[in-house]
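Visitor: Given chain A, work out where chain B should sit, using these hints.
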Amino acid sequence: MLILKAISLGPLHGYGVLLRIQQISKDRLEIQQGSLYPALYRLEHQGWITSEWGKSENNRKARYYSLTKAGKRRLQAETEQWNRMADVIGGILKTLPEEA
Amino acid sequence: MIMARLRSWLRGIFRRSRVENAMDAELHFHIESYVEDLRRSGVPQEEALRRARLEFGGVAQIKEECREANGLALFENLLQDLRFAFRMMAKSRLTTAILLVTLTLGIGANTAVFSLINGLMLRSLPVDHPEQLYFLGNDQWYGSSSGNLPTGSIHLYSYLFFEQLRERNRSLFDGLTAMSSNQVAVRVAIPKSGDPPRRFAAALVDGNFFHVLGVNAVLGRVLVADDDLLDKPDPVTVISYRYWSENLGRDPQVAGRTLLINGAAFTIVGVTPPEFYGVKLNTQTPDLWFPLNQQPFLMEEANWAKENDVYWLDVLGRLKPGADVGATATALTAQLQQIMSSLKGSPLSPDDERRIREARVELVAGSTGISGVRERLSPRLRVLAVLVILVLIITCLNTANLLLARATARQREMGVRLAMGARRRRILRQLLTESVLLAGIGGLAGLALAAWTVKLLSTLVFGMNPQSFRFTPDLRVLSFAFVVSLISGIVFGLAPAFRSTKVDLNHALKGQFQNGTSGGGKITLPKLLVSSQVVVSLAMLMMAGLFASSLRNLEEQDLGFVADRVLTCRLDLAAAGYHKDDVPQLYTRLLERVEALPGVRSAALADSGMLSGSNRTSNISIEGYMEKPNEDMNVQHRHVTWNYLQTNGMTLIEGRDITRDDIQESPHVAVVNQAFVQRYFPSQNPIGHHFRLGAPFKPPGMRIVGVVKNSKYNSLDEKTPPLAFIPLLQEPFETKPAKDAPPYAYGSELNVRVAGDPTALSQSLRRAIAELDSKVPVFNITSLAQRVSDSAHDARAIARLSGFFGLLALVLASIGLYGVMAYNVSRRTREIGVRMAIGAEASHVLRMVMRESLLVVTIGVALGIPAALGMGRLISSQLYGLSPRDPITLTFSTLLLLVACALASYLPARRAARIDPMVALRHE
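Residue numbers (the numbering used here), protein chains in the order written: chain A, 9 to 108; chain B, 109 to 1032.
The set of hints was computed from the structure by calculation and includes no laboratory data. One thing to keep in mind: the hints can contain errors.
What the hints assert, rightly or not - Here are a few chain B residues that face chain A, going by a calculated C-beta distance under 8 Å:
id, residue
1, Glu128
2, Asn129
3, Ala130
4, Asp132
5, Glu134
6, Leu135
7, Phe137
8, His138
9, Tyr142
10, Phe164
11, Gly165
12, Ala168
13, Ile170
14, Cys174
Glycine included, every Cβ here is placed at the ideal spot set by N, Cα and C.
So that you can see chain A by itself, here it is in the shape it has in the complex (with noise of 0.2 Å):
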């Protein structure tokens, strides 16, 4: 999901998204950068995202994964869900005090 997410705020390659995640995340997140590839890779064979090589920064030639229609679906549908369920939870844990 936060992958969708990154890549959802503009087309990146795969050192873009790792940087994106780090920056909105603000260095709470630690991934390891490896293990990036086969969730990307498995995210393109599901078709919720794309890829193209073109250009770097720098002038180099990389691959830049973007949002397919799917994609878009499949992020929304999580983002609903992971509020439902952070809501539910929050609100298990606010209750919880008050009980015991």
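Guide: Chain B only, in chain A's frame:
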């Protein structure tokens, strides 16, 4: 999404290198970018590189994960497994070769037999909507009958009958049509080609035949109702695709060309489709199709369309969709009985009334055609099917055993794999890939073998004209071969695969294999497999033995005639234009001319040949004879000249032979065989009694003048039927003296007894006949001994096939036993060494090993004997002159098996006995 998945998959499969390169480039880009960033933040180059690599993780591992994420793992692994499987196969060449050869045989034999079954039994008629076709009665053979009203389940109809039936049934059927049950042999010449006429099989069909079947011509047109009008002036014919290809060079302008049929010009109007062979599936399918109105000309007979009591047509129709078959048959039976009484006219005799009452119509589903071949061949096909299934079972058992041995040998390899973290499922899959690959290669080779053998089988074993049938592998055959290979691959692969992954890691790595299974007397899986092989082998040996004895019985029996030194040939006297008045003189001159040839002892003519398969049968009536109710009064009769019995070496027991003086004008006589006497004159001297063909008896009839010893007439395995030899020149029925009528029977079979080699006479015989009349076609020159041998052909083919497969089974079982015992001995080297070190003698060790394998074999034999007896019962109808439980054959098969097994286990036992205790103790 599915599309995306498919795309990435296909890309992965077909553009693997590009995907790999892209992956490489992407990962490197990442690492380099990171290094760049680190360097910019002040980290030195070396350190940046190190940290980037460290934080990134193992590149190869990530790539593998990426591949898996791509959905490529399955395919990747398969490729890997296949590559590995090929390497394994290349490594153990001998085992692989044995496996492949036996698998090819097993699968190939099954596929070939299935192709036959498919072609004969399963394939639908090549017509429009075959499931709607029904035959009125099951007329499996060719025939025609005349005289008495037919009764029981009717399958032959007269033309008048058919016409009335068709008139009345416009509501029940979408078309009713008929064809002559008999095929006709016609002489076909292509005008201006200069080639002599050749004989072809032809069918006579009603004008609506093709229309009702829904068969169209590939060229020109098919026969239509107009072609079949009785006074139609220009005769036409439709030719088969085969005839068109083989004899007319696929001439595209063939419609409108002329053929000379029995000397008359016929116009070709069209060509039937290549897959169309008619509706009857028999050994010879027709090459030419004529309308029924050509019957008098082509058969050289009276016009049967006008005869009330000649039954010669098969009737078939297309039932209206949704019609009830049972109700239709009942309605047809009622009509049949009405038509029978109205055609017969009054008054009806009590016998006729009974016959009409008992006559009925059965509707026989015609979707796969009717076939005498099917009936005749199905027992043999069944034998063949059993045989090949057994071969496949034994192949699978053998393969499983060899793989099992290999699996045990590979336990160390598996141990290493498991220790390195391979999942068990993964290893299982790889082992199954190996065995399915084996089966797959075997299956492909088997398919090729089948395509090649099916023709051989159909001609050799079944005596079919391979061109008449299309046994080309269709989708059904292909899927059969595929499924058989797959199943056998899994079946024989599963047990070894499970076995080899069930290892104790510690032991496996140390090279100590599980020893729990090595105990001498214990029944292990490999031993069980060998026992099963013994069971199947014994059953197959029994079968082979029974067929071999049966063949010997056939060939060595007393035929009742002497086949040696007799030359036979056929003459077509009708073709040369001989009539009834000409034949007496012709026969005399012909026989005198032939007997004058050097080396000829005697010569004679007959209407049909010994063991030629054709015969005449009639019901007879005997003067003063009290028929028992339902007594079978049918006897066969052969029409022969003087010297016939002597030429063929038959023995006259009583009375006299047929002589030159037995001509039409003299009193009519007959010589009967012993079976005739036994049936009708069990306690009397038959000589002097009178009988005639047909009933009731009318004087004068034929006087029995002699009795001849029984012999085989039609086939080697027949039960001798009652038979009468009648002088060829005496017409058995009263006929009007028409000047150019043909005789009742032509002397179209010439038999010559010679002093030396009969076939050496062929040329001079041909020349002699040509000198007499060059217009007489002479064909099928062969020796009588050859014909006897041809007659045993089927039995011989079956005996050879089952013998071959039986021996194969024996060899495979021996290999299996040898393999298991040799392996056991090598595993127990140390144990045996210890035994010998503490005083066991070599002979004792030998006995010990032999005892162990004897147990395996004994179990197999104990179960195999009932199996063998069951097998015998299954084929009892195919056996001649011996019981399916024949004790000699059973004993012999068992002994053969025991000897082979003893030999197979003696070698490893001897090796065990020669073990040097010192060497053995240092072993491992």
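Visitor: Determine for every hint whether it applies to the structure shown.
Guide: Hints versus structure:
For glutamate 128 of chain B, the interface hint is violated, the least distance from its beta-carbon to any beta-carbon of chain A being 12 Å, above 8 Å. Restraint check, asparagine 129 of chain B versus chain A: the minimum CB separation of about 11 Å is more than 8 Å; hint violated. With 8 Å as the threshold, the beta carbon of alanine 130 of chain B comes within range of chain A, its nearest partner Cβ sitting at about 7 Å, so the hint holds. Hint status for aspartate 132 of chain B relative to chain A: violated, with the closest Cβ pair at about 11 Å, above 8 Å.
Using the Cβ-Cβ criterion of 8 Å, the hint placing glutamate 134 of chain B at the interface with chain A is satisfied: the shortest such distance is roughly 5 Å. Interface hint status for leucine 135 of chain B: upheld, as the beta-carbon distance to the closest one in chain A is roughly 7 Å, under 8 Å. Satisfaction of the interface hint for phenylalanine 137 of chain B is found here, the shortest Cβ-Cβ separation to chain A being roughly 5 Å, below the 8 Å cut-off. Because the smallest distance between the Cβ of histidine 138 of chain B and any Cβ of chain A comes to about 5 Å, under 8 Å, the interface hint for this residue holds.
Proximity of tyrosine 142 of chain B to chain A holds as hinted, the smallest CB-CB distance being about 7 Å (cut-off 8 Å). Interface hint status for phenylalanine 164 of chain B: upheld, as the beta-carbon distance to the closest one in chain A is roughly 5 Å, under 8 Å. Interface restraint check for glycine 165 of chain B: the shortest CB-CB distance to chain A comes to about 3 Å, inside 8 Å, so the restraint holds. Hint on alanine 168 of chain B is violated. Least Cβ distance to chain A is approximately 10 Å, over the 8 Å limit.
Nearest Cβ of chain A to the Cβ of isoleucine 170 of chain B: about 4 Å, under the 8 Å cut. The hint holds. For cysteine 174 of chain B, the interface hint holds, since its Cβ comes within 8 Å of a Cβ in chain A; the closest pair sits about 4 Å apart.
The structure shown violates the earlier hints numbered 1, 2, 4, 12.
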